[in-house]
Amino acid sequence: MKLWILAFRNMGRNLRRTLSTAVAIAAGFIGLVLLSAYIYRTKMGLTTSTVYINHKGHLALFKKDGLEKFAAKPSKYLISREDQEKLQVILDRHPDEIEFTGKYLSGTGLISNSKKSIPFIGLGIEPVTYAKIMHHPDLMRWTPDWIFPETIATSNDLALNPNLISITAMMGELLGKDLPFSQYQGEQKSLQLAAKSYFNDLNANNVELGLRHTTGIALAEDTSLIGSLATFQDLYATDGIQYWALFLKPAASVAGFRQVLAREVKQAGLDLDIESYNGEIWGAYYNGSMSFLYVMGSFFIFLICGAVLLSIVNSTTLGIIERMKEIGTLRAIGFRPKHIQSLFWRENFILSLIAVFSGQVISEIIALIVNFAHFQFEPPGTQGKIQFMLATNWKICLVMALFLLLLNVATTLVVVKKITRPQVIKLLTESGA
Amino acid sequence: MKKYILSISLFALLFGLELRADDQKNTQKEDTLAISLLKASDEARGSVTEGLVWDSQIETVEDGESNTRNFVVKAKDHDAFVEATSPARNKGEIYIFNDRNMWFYKPSLKKPVSISARQKLSGQASNGDIASTHYARDYTPTIEKTELLSGEKFHVLMLKAKSENLTYDMIRYWISDKTKLAARAEFLNLQGKAFKIGEMEYGNLITTAEKKVPFISRLTITDAKYPQNKSTINYKAPHIEQLASSLFNVSNLSR
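In order, the protein sequence lines correspond to chains X and S. All residue numbers for the first sequence refer to the numbering used here, where the first residue is 1 and numbers rise by one. All residue numbers for the second sequence refer to the numbering used here, where the first residue is 1001 and numbers rise by one.
Bear in mind the hints are in silico, worked out from the structure with no lab data behind them. Just so we're clear, the structure is a prediction, and the values are computed from it rather than from any experiment. Warning: the hint list may mix true and false statements.
As the list claims (entries may be wrong) - Computed cross-link-like contacts, DSS-like style, restricted to lysine-lysine with a CA-CA straight-line distance of at most 25 Å:
id	chain 1	residue 1	chain 2	residue 2
1	S	Lys-1230	X	Lys-73
2	X	Lys-69	S	Lys-1225
3	S	Lys-1162	S	Lys-1039
4	S	Lys-1074	X	Lys-115
5	S	Lys-1225	X	Lys-73
6	X	Lys-76	X	Lys-86
7	X	Lys-76	S	Lys-1230
Can you build the whole structure from these sequences, using the hints too?
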């Protein structure tokens, strides 16, 4: 305890250098916190967008090889009604992990306003699942820019009228339909979908324009269409589904539950693949974007930590050189080298702790100001502008603070160890700085 | 000496102009021949101004699976009305061709759907293959060469699409010099490679107001890469019939 008190008092002996070191550590920590806040916000935004807005679920069950081959031969890679019933039994066993589920069928075709037709890439979804997704709190928290208030307000309409479809504003423009789509009544909102059925026949059905959505991905905006599962099953003349998405509760582990589910699916004799939202193919956009961010983040962390380390080495070395005689005196009155080392690392630990705490407070203030300022930007590949947001996470901050403290203590020990070894007489005769 | 050089130059110039004029005449002649050949061959594939009705059966073999679909085709001038008669699930489905535009309709639809002639109707047969053929209207022909097939002289025409909404971008087309009937077609992609091959037979006869003309009885369309995948369109009972113009009015299909 005496060493801690001594270390704390020593910090005030050269206040200017102590302050400059603290500022360097705090600045480095602020950089780390803000960088992690941006990456964390992006990760959560992409996760929410992938899982909910793009309807991939945390986990999705496909017919074996269905993820890659469904588009080429859909009838072969459908999950049949019989398999769906077996799967339902398995899913019912996990109410603690699964929040809700959704059956999906995707396909391509033409959407027509009787004058012209344009191609679509559509997704058939169960109306109840659609409503649950649109009211999910994660959407409002992490992707408010990609969910329109009208989309949430009208999300229950699909359950009331399964003939309704949701298209993007760009598709509406291509079809000669202006926003808001709710302005169209009767025949004006009548549209037709046409596609090759799984019997290889040209098939078509009536749909009604009523809902609007955005994919958040620029490339998908001119073709994206969402309708009820029944509409799509009717269009492609099937009662099968392409995949069954599982939306997990926040506490559930995606990887852990995937393993459990894979075991049970296999035991039931079902030939299914389980894909997770961050998988290489199923979550390609998420995966690619996050990999880039992680690489970029690692590079910046390396730079920041390097700068902080140099600052610590510099100030500690200067402090030791100045205090050679003091160290010699301490050694002469019975202090051992390890006591001297303890004194120095304690000094730097207290300094780092104060700097990290101050850095955390300043980071929170900066994040608040940035979020309050509502800066808009357009990330590459996304549709429209989104708010530049910083979201600090206490777990990440704690890990980084511990890492930085550990790094500072280790650096101090390395520097001090070399200098406290010489004989006492040599230390006492050193002139110092 | 000067006079001598001037005379030679003048002679060369006149000779060159004469040759160029001959070339132009030959090209014009060839173009005229190509168009007349195409017009004559179109007649035997339904391009007649009078109403023409026939039954069409499409037999498709694709990836080892086979199916048969039947249609009644009613064509007049540049319009066509095609109604599916079997199998039962397709009965009542209608395809209307207005000039180069095409619509699909079935009884449960509120409005017809505008579709592309290029889209596959069944197997290798595209929507545009089932109705009458108007290559003389839709394509610009040039004679590539003439060649002998089984001892018969054929003109090989290269047809280039005049607009983008046609069934094919380019067609290499074999027309008999003697009968003026097309016997073979290679449907080419934009790179000039054949992706489908068509072979025609003419076992039918139709009697127009003026004369009896041969009419196509079978068109076999084979996938150029996977020859086991093919569609055969059989043309049965073709006959001239008075057809009202309202039959081809797409507005009449709406409920």
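Checked hints:
With a C-alpha separation of about 18 Å, the suggested pairing of Lys-1230 (chain S) with Lys-73 (chain X) holds against the 25 Å cut-off. In summary, the hint linking Lys-69 (chain X) to Lys-1225 (chain S) is supported, as the alpha carbons are separated by about 21 Å, within the 25 Å threshold. For a cut-off of 25 Å, the pair hint linking Lys-1162 (chain S) to Lys-1039 (chain S) stands: about 16 Å separates their Cα positions. Among the hinted pairs, Lys-1074 (chain S) with Lys-115 (chain X) is consistent with the structure: their alpha-carbon atoms are about 23 Å apart, no more than 25 Å.
This hinted pair checks out: Lys-1225 (chain S) and Lys-73 (chain X) have alpha carbons roughly 19 Å apart, not beyond 25 Å. The straight-line distance between the Cα atoms of Lys-76 (chain X) and Lys-86 (chain X) is roughly 19 Å, inside the 25 Å bound, and the hint therefore holds. Taken as a hint, the Lys-76 (chain X) and Lys-1230 (chain S) pair is honoured in the structure, with Cα atoms around 21 Å apart against an allowance of 25 Å.
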